[in-house]
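Colleague: All chains should be modelled from the sequences, with the hints used to inform the complete structure.
The listed protein sequences derive, respectively, from chains D and A. Residue numbering for the first sequence follows the numbering used here, starting at 381 and increasing by one per position. Residue numbering for the second sequence follows the numbering used here, starting at 381 and increasing by one per position.
To be clear, the hints were calculated from the coordinates, so they are not data collected in a lab. Since we're looking at a predicted model, the values are computed, not measured. There could be a bad hint or two in this list.
One copy or two, it doesn't matter: identical chains are merged, so the pair holds either way.
[Stated by the list, open to error] Within a straight-line C-alpha distance of at most 20 Å, the following computed EDC-like cross-link-like pairs (lysine to aspartate or glutamate) qualify:
hint: 1; residue 1: Lys415; residue 2: Glu398
hint: 2; residue 1: Lys482; residue 2: Glu390
hint: 3; residue 1: Lys415; residue 2: Glu390
hint: 4; residue 1: Lys520; residue 2: Asp539
hint: 5; residue 1: Lys520; residue 2: Glu551
hint: 6; residue 1: Lys482; residue 2: Asp493
hint: 7; residue 1: Lys520; residue 2: Glu505
hint: 8; residue 1: Lys404; residue 2: Glu511
hint: 9; residue 1: Lys520; residue 2: Glu542
hint: 10; residue 1: Lys487; residue 2: Glu416
hint: 11; residue 1: Lys482; residue 2: Asp539
hint: 12; residue 1: Lys395; residue 2: Asp480
hint: 13; residue 1: Lys395; residue 2: Glu416
hint: 14; residue 1: Lys487; residue 2: Glu498
hint: 15; residue 1: Lys487; residue 2: Asp539
hint: 16; residue 1: Lys482; residue 2: Asp396
hint: 17; residue 1: Lys413; residue 2: Glu398
hint: 18; residue 1: Lys413; residue 2: Asp396
What follows is the residue order along each chain.
Protein chains: 2
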Amino acid sequence: MRIFWEKGYEGTSLKDLESALSMKPGSIYAAFKSKENLFLLAMERYFHNSLNLLNDARLTCESPMQALNTMINSIATGGSRDHRSPPCFLLKTVLTTSPDNKTVFSKARFYLDAIRQEFASLLREAVQAGELDAETDIEKLAMWLQSQINALRVEAQRDPNEPRLSWLAQEIITHLGSFRS
Amino acid sequence: MRIFWEKGYEGTSLKDLESALSMKPGSIYAAFKSKENLFLLAMERYFHNSLNLLNDARLTCESPMQALNTMINSIATGGSRDHRSPPCFLLKTVLTTSPDNKTVFSKARFYLDAIRQEFASLLREAVQAGELDAETDIEKLAMWLQSQINALRVEAQRDPNEPRLSWLAQEIITHLGSFRS
DNA sequence: GTGAGATTTGAGCGATTGCTCAAGGTTGCG
DNA sequence: CGCAACCTTGAGCAATCGCTCAAATCTCAC
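Modeller: If you want it as structure tokens, here you go:
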């Protein structure tokens, strides 16, 4: 997953996978039937990881909006210590792979949609908790939120300057707060 | 440029370039010395096109902020008629090409920085015209603006749903307006 | 220890990659 | 027209691509 995430589908060669998996080509094709299929599995794993991260944040924090705040801030501050992850694997896939590889392309879009739905239900919870205006257009706000998070992660890769990123994150949170009832 | 823009560096083969340029490999290598060099030229052309678009908008509109508004809205409404362009070539390049291809990678970053500087000077002009608060942190706002525009263009590729995109564009413009003096 | 079944191995497949260069075409000047 | 200077051509190079498969190796019940 990591290799595909960093280098993309076409940028990753079988040699890369061999050394990353410590497997010879034969074993790779016995375990996963093709490079494409392995890529699809990597996306699936990434997808579930993302959902887990979101759920963990929700369970750790007291309110849905607080969960979002800490999530957004953790992107800005680098998340996992010194090793900063590339931007969203699914986003990179949608942007990178030519749409004539329909299997990969549409699966990436599907997962992105699913994550957006997860954001939506978190926002709905926030409405119920009175943290957001009851008349908020959840669908639109979820889309907005997802695109903002993606933009932040992209910016974090372009220039991992902590204060700037934190300011950006704060802008997102503040703007999100402006929908508060 | 178009081919590289759509399919990325590694996703574009010499065959693609041959048919796009209507040139045989020999001529391609006589005119541009390598695939990498041709890619760099494509990026340079894209960069200058972008600057021209920005300057044209500025000259057509009455004020700097109006120029920004029309630019942002034109991204949402599809810009050039029916054919929607992929997201920013430079952004895609930074996200796609592995950083071990340092020439390509750093040149893409350089151009992105240069465009951000162009945004910054447009914003400075807006301050002088009294359209923005004199105490605005131009550098930060330029970064914010660029990341917002990129996010909008990415979203436009993910789902080219006009009303949604226009709403997104309006959010950007409104938020930009909140910096008004 | 032995043999059957499962797994791993890596040489090497045909195809494609980015790229080269001798050969042939074109152009413009006298 | 002849000749020199340029440009285009495309077969084909070495390297790499994703991938296969017979043979070697491992695993484990008896």
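Colleague: Next step is simple, just say for each hint if it's right about the structure.
Modeller: Comparing the hints with the structure gives:
1. Lys415 <-> Glu398: Intra 11 Å, inter 27 Å, cutoff 20 Å: intra-copy only.
2. Lys482 <-> Glu390: both (14 Å within a copy, 18 Å between copies)
3. Lys415 <-> Glu390: both (10 Å within a copy, 16 Å between copies)
4. Lys520 <-> Asp539: between (28 Å within a copy, 12 Å between copies)
5. Lys520 <-> Glu551: both (18 Å within a copy, 11 Å between copies)
6. Lys482 <-> Asp493: Within one copy only: 16 Å inside a chain, 33 Å across chains, cut-off 20 Å.
7. Lys520 <-> Glu505: within (15 Å within a copy, 32 Å between copies)
8. Lys404 <-> Glu511: neither (53 Å within a copy, 63 Å between copies)
9. Lys520 <-> Glu542: For Lys520 and Glu542, only the inter-copy Cα distance (13 Å) is at most 20 Å; the intra-copy one is 29 Å.
10. Lys487 <-> Glu416: within (12 Å within a copy, 31 Å between copies)
11. Lys482 <-> Asp539: between (32 Å within a copy, 16 Å between copies)
12. Lys395 <-> Asp480: between (24 Å within a copy, 16 Å between copies)
13. Lys395 <-> Glu416: Close inside one copy (15 Å), not across copies (22 Å); limit 20 Å.
14. Lys487 <-> Glu498: within (17 Å within a copy, 37 Å between copies)
15. Lys487 <-> Asp539: between (29 Å within a copy, 14 Å between copies)
16. Lys482 <-> Asp396: Intra 24 Å, inter 19 Å, cutoff 20 Å: inter-copy only.
17. Lys413 <-> Glu398: within (14 Å within a copy, 33 Å between copies)
18. Lys413 <-> Asp396: within (17 Å within a copy, 28 Å between copies)
In summary, the structure is inconsistent with hint 8 from the numbered list given earlier, while agreeing with all the others.
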